Amino acid sequence: MEVKTVAVIGAGTMGNGIAQVVAAAKFNVIMTDIKEEFLVKAMSTISGSLDRLIKKGTCTEEEKKAILARIKPTTDMKEAKNSQLVIECAPEILDLKMSIFKELDAVCPPETILASNTSALPISSIAGTVKRKDKVIGLHFMNPVPVIKGVEVIVSTFTSPDTIETSKNFVKAIGKEPCEAKDYAGFIVSRLVDVLINEAAQCVMDGNKPEEVDKAMRLCCNFPIGPLELCDLAGADIVTHGLDTMEKEFGERLKAVPLLKNQVRSGLLGRKTNKGFYDYTPKK
1 MEVKTVAVIG AGTMGNGIAQ VVAAAKFNVI MTDIKEEFLV KAMSTISGSL DRLIKKGTCT
61 EEEKKAILAR IKPTTDMKEA KNSQLVIECA PEILDLKMSI FKELDAVCPP ETILASNTSA
121 LPISSIAGTV KRKDKVIGLH FMNPVPVIKG VEVIVSTFTS PDTIETSKNF VKAIGKEPCE
181 AKDYAGFIVS RLVDVLINEA AQCVMDGNKP EEVDKAMRLC CNFPIGPLEL CDLAGADIVT
241 HGLDTMEKEF GERLKAVPLL KNQVRSGLLG RKTNKGFYDY TPKK
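Residues in the sequence shown are numbered consecutively from 1, following our numbering.
Because the hints were derived from the structure by calculation, they are not lab data. Treat the numbers as computed from the prediction; the structure is a model and nothing was measured. Please note that the accuracy of each hint is not assured.
No more than 25 Å apart at the CA atoms, straight line, and that leaves these computed lysine to any residue pairs for SDA-like [unchecked claim]:
1. Lys64 <-> Ile148
2. Lys64 <-> Glu177
3. Lys65 <-> Ser44
4. Lys261 <-> Lys284
5. Lys182 <-> Ser160
6. Lys275 <-> Lys65
7. Lys182 <-> Asp206
8. Lys261 <-> Arg271
9. Lys81 <-> Leu94
10. Lys182 <-> Thr166
11. Lys81 <-> Lys168
12. Lys168 <-> Gly128
13. Lys4 <-> Thr45
14. Lys133 <-> Ile148
15. Lys4 <-> Leu254
16. Lys81 <-> Ser156
17. Lys4 <-> Glu103
18. Lys41 <-> Thr281
19. Lys64 <-> Val3
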């Protein structure tokens, strides 16, 4: 099956990033969310992202206009019926994702592939709500979407070879590289990265300064970004949710440390709340 139009469900950080990259690769995009204000903010975010590329000389004004023109924002999820691929980017709540997939199953043609951008929830659980289980797959993009090259392609017990092939070809067509992962909680990326972040938080609990933990990993292990900086970028709530999900599957060894849980309780989620392990409050 040839993919020409992609529906992106959810216009938040991941959704608008995916919409931008897909539209830049000359696919038509239907971007949906539950409120018009979310869509307006998403289009503004995409416009600002493209402006930064223009300043770098990697995008022109004409290309920006063409990219934005390929994105159709709408609050009507039924518009997804015109797509060959849907990428769901709703919050990491299993019941919510299952509800969305059930609705998509009812409105989309039988051949449409339904993909989830979940970072930790098992794809087989999501697939259990639809009739087209063979057409359900995980496409886990990384943040920031326009920058990170890899995309996890998560294959469940039900996913057909055709769905896998079409999904991988699509990932390559938008300039990314597919990394196939088995359908266990956390897959590959979250399973490894969240464990690293968790242990880095434990190091802080042991008395180490966050900046020293991150500096050690950048300079001694050649990491481009420290694990605590990464936590602030992803959000302590996302990391903790991933660990909670994996703890249910793998046991105590993946239990979130108390400091991470306290960060969430205190609203110190990172960049999105201006404070996490570091302070991001805008300077006046």
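Hint-by-hint comparison with the structure:
1. Between Lys64 and Ile148 the alpha-carbon distance is near 20 Å, which keeps this suggested pair within the 25 Å criterion.
2. Annotation: proposed proximity of Lys64 to Glu177 holds, straight-line Cα distance about 24 Å (limit 25 Å).
3. With a CA separation close to 13 Å, the supplied pair Lys65 and Ser44 stays within the 25 Å bound.
4. With a C-alpha separation of about 31 Å, the suggested pairing of Lys261 with Lys284 is violated against the 25 Å cut-off.
5. For the given pair, Lys182 sits about 14 Å from Ser160 by alpha-carbon distance, which is consistent with the 25 Å threshold.
6. Using a Cα cut-off of 25 Å, the hinted pair Lys275 and Lys65 is violated, with the two alpha carbons roughly 35 Å apart.
7. A hinted pair counts as satisfied when its Cα atoms are at most 25 Å apart, and Lys182 with Asp206 does not qualify at roughly 34 Å.
8. Among the hinted pairs, Lys261 with Arg271 is consistent with the structure: their alpha-carbon atoms are about 17 Å apart, no more than 25 Å.
9. Using a Cα cut-off of 25 Å, the hinted pair Lys81 and Leu94 holds, with the two alpha carbons roughly 23 Å apart.
10. Taking the CA atoms of Lys182 and Thr166, the gap is near 17 Å; set against the 25 Å cutoff, the hint holds.
11. Taking the CA atoms of Lys81 and Lys168, the gap is near 22 Å; set against the 25 Å cutoff, the hint holds.
12. Of the pairs offered as hints, the one joining Lys168 and Gly128 holds, with about 22 Å between alpha carbons and a cut-off of 25 Å not exceeded.
13. Distance restraint check for Lys4 and Thr45: the Cα-Cα separation of roughly 24 Å lies within the 25 Å cut-off, and the hinted pair is therefore satisfied.
14. Annotation: proposed proximity of Lys133 to Ile148 is violated, straight-line Cα distance about 29 Å (limit 25 Å).
15. Taken as a hint, the Lys4 and Leu254 pair is broken in the structure, with Cα atoms around 40 Å apart against an allowance of 25 Å.
16. Taking the CA atoms of Lys81 and Ser156, the gap is near 24 Å; set against the 25 Å cutoff, the hint holds.
17. Annotation: proposed proximity of Lys4 to Glu103 holds, straight-line Cα distance about 21 Å (limit 25 Å).
18. For the hint linking Lys41 to Thr281, the alpha-carbon distance of about 20 Å falls within 25 Å, and the restraint holds.
19. With a CA separation close to 22 Å, the supplied pair Lys64 and Val3 stays within the 25 Å bound.
Consistency with the previously given hints fails for numbers 4, 6, 7, 14 and 15, ordered from lowest to highest.
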